[in-house]
Amino acid sequence: MRDFDYSRPTSLADAAAAFANGGEAAFIAGGHTLLPAIKSRLRMPDTIIDLSAIPGLTGVSREADTLWVGAMTTHAVVALEAGVISGLAQMAALIGDPQVRNRGTIGGVIANNDPSADYPAALVALDATVETDRASYAADDFFQGMFSTALADGEIVTRIGFKIPQASAYAKFRNPASRYAVAGVFVARFGSAVRVAVTGAGPAVFRWPEAEAALSADFKPAAVAGLRLDDSDLNTDIHASAEFRAHLVGVMLAKAITDAR
Amino acid sequence: MQTRLTINGTDHSRDVAPATLLVDLLRDELGLTGTHIGCDTSQCGACNVLVGGEAVKSCTILAAQVDGKAITTIEGIASGETLHPMQAAFREHHGLQCGFCTPGMVIAGLEIVRRHGTDVSAETITHDLEGNLCRCTGYVNIVKAIQAGARAMGEQAHA
Numbered sequence: 001m002r003d004f005d006y007s008r009p010t011s012l013a014d015a016a017a018a019f020a021n022g023g024e025a026a027f028i029a030g031g032h033t034l035l036p037a038i039k040s041r042l043r044m045p046d047t048i049i050d051l052s053a054i055p056g057l058t059g060v061s062r063e064a065d066t067l068w069v070g071a072m073t074t075h076a077v078v079a080l081e082a083g084v085i086s087g088l089a090q091m092a093a094l095i096g097d098p099q100v101r102n103r104g105t106i107g108g109v110i111a112n113n114d115p116s117a118d119y120p121a122a123l124v125a126l127d128a129t130v131e132t133d134r135a136s137y138a139a140d141d142f143f144q145g146m147f148s149t150a151l152a153d154g155e156i157v158t159r160i161g162f163k164i165p166q167a168s169a170y171a172k173f174r175n176p177a178s179r180y181a182v183a184g185v186f187v188a189r190f191g192s193a194v195r196v197a198v199t200g201a202g203p204a205v206f207r208w209p210e211a212e213a214a215l216s217a218d219f220k221p222a223a224v225a226g227l228r229l230d231d232s233d234l235n236t237d238i239h240a241s242a243e244f245r246a247h248l249v250g251v252m253l254a255k256a257i258t259d260a261r
Numbered sequence: 001m002q003t004r005l006t007i008n009g010t011d012h013s014r015d016v017a018p019a020t021l022l023v024d025l026l027r028d029e030l031g032l033t034g035t036h037i038g039c040d041t042s043q044c045g046a047c048n049v050l051v052g053g054e055a056v057k058s059c060t061i062l063a064a065q066v067d068g069k070a071i072t073t074i075e076g077i078a079s080g081e082t083l084h085p086m087q088a089a090f091r092e093h094h095g096l097q098c099g100f101c102t103p104g105m106v107i108a109g110l111e112i113v114r115r116h117g118t119d120v121s122a123e124t125i126t127h128d129l130e131g132n133l134c135r136c137t138g139y140v141n142i143v144k145a146i147q148a149g150a151r152a153m154g155e156q157a158h159a
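Quick note, the sequences are listed as chains A and B, same order.
First residue of the first sequence? That's 1 in full-length UniProt numbering, and the numbers climb one at a time after it.
First residue of the second sequence? That's 1 in full-length UniProt numbering, and the numbers climb one at a time after it.
Just chain A, same shape as in the assembly (with noise of 0.2 Å):
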């Protein structure tokens, strides 16, 4: 690999500092994108800047009706520790394979907002708030587009606070190579209010209000059974077209809220 400054602060300030000096600066987390994306030379960064030593952004926790994970959590530690949140802990379980989900964490994928990235899709449908160094938004203002979020320049995620539904689930179909959503539908149920991102489909994450408009008057298949998402903004890529995107959205839809609980 291109070589680069390497640095490993242990406060969020040294972390800060660290980037504003570095030039070209990325911050590491799990690596599990950041490190491919060097590799292919997507990413060139001067200076990485490793915030695993900084204290107090890991492991989950609940506070009344918010479950708070840490940004730095990884993927196995969620799938194992979130299970108040079933979807949440379900779809933690989907990420990657076993040794990638022990490096991978929540912070590192939703920083990079991947358009087939799972996270994207549970933060939306359970109307997180995401915490920063320096501020707090709502996941619906978080993720903007492809690969685009709220975050500024060296601006660093400290943790997610998920709303506890009374049930969710996540239903993905995935790439059987790369294990990445080619569709992912995150549905939560809050008393008679249902939320219903997608991912994998678009762009971005994105909401489907007629999903969620049917759901919340029968949260049942059959309910949005007649429905059939507008694939005119949908990816077509090698994996599948706009139009199998669209109808997989509908059944990975039917699929959640069969599991949801």
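Think of the hints as simulated: they come from the structure by calculation, not from any bench.
Since we're looking at a predicted model, the values are computed, not measured.
No residue lacks a Cβ here, since even glycine has one placed at the ideal position from N, Cα and C.
Keep in mind that the hints are not guaranteed to be accurate.
[Stated by the list, open to error] Sample of chain A residues at the chain B side, in silico, Cβ under 7 Å:
| no. | residue |
| --- | --- |
| 1 | D3 |
| 2 | F4 |
| 3 | Y6 |
| 4 | D97 |
| 5 | Q99 |
| 6 | N102 |
| 7 | R103 |
The hints should help you fit chain B onto chain A, whose structure is shown.
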């Protein structure tokens, strides 16, 4: 930069370039070539090692990221001339043909035992091998080997 690692129980201190991957440190600097590089894109699992007891893909970790940690590679699991039960099970059940993926498969087997215990089902093993590729065997004997190795580890623990 100076990087200190405990590898298979032995302390090492090496001056490595920050961009050095853990797998390259193991293979090129320390001569531990049992850890293989298959895809180099964190898909195939041939580079699996244990960091602090957890299996990770060493092609997608900087050596600097695991500074101060304990690493176990395939070279570190036998006791002298006596194979680890998971290794012995791969031999007994013909869990390999060319052998290229085998070090990563054995480490994945240890990870499966860590997370699911020694009485693990073939179904769970099959599911949890999703991050390891074998192009020879069709996986059937690998699953048998990991299940037998897990059982043997359980028997060894209770002996």
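Going through the hints against the structure:
{"no.": "1", "hint": "D3", "verdict": "holds, 5 Å"}
{"no.": "2", "hint": "F4", "verdict": "holds, 6 Å"}
{"no.": "3", "hint": "Y6", "verdict": "holds, 4 Å"}
{"no.": "4", "hint": "D97", "verdict": "holds, 3 Å"}
{"no.": "5", "hint": "Q99", "verdict": "holds, 5 Å"}
{"no.": "6", "hint": "N102", "verdict": "holds, 5 Å"}
{"no.": "7", "hint": "R103", "verdict": "holds, 5 Å"}
The structure shown violates none of the earlier numbered hints.
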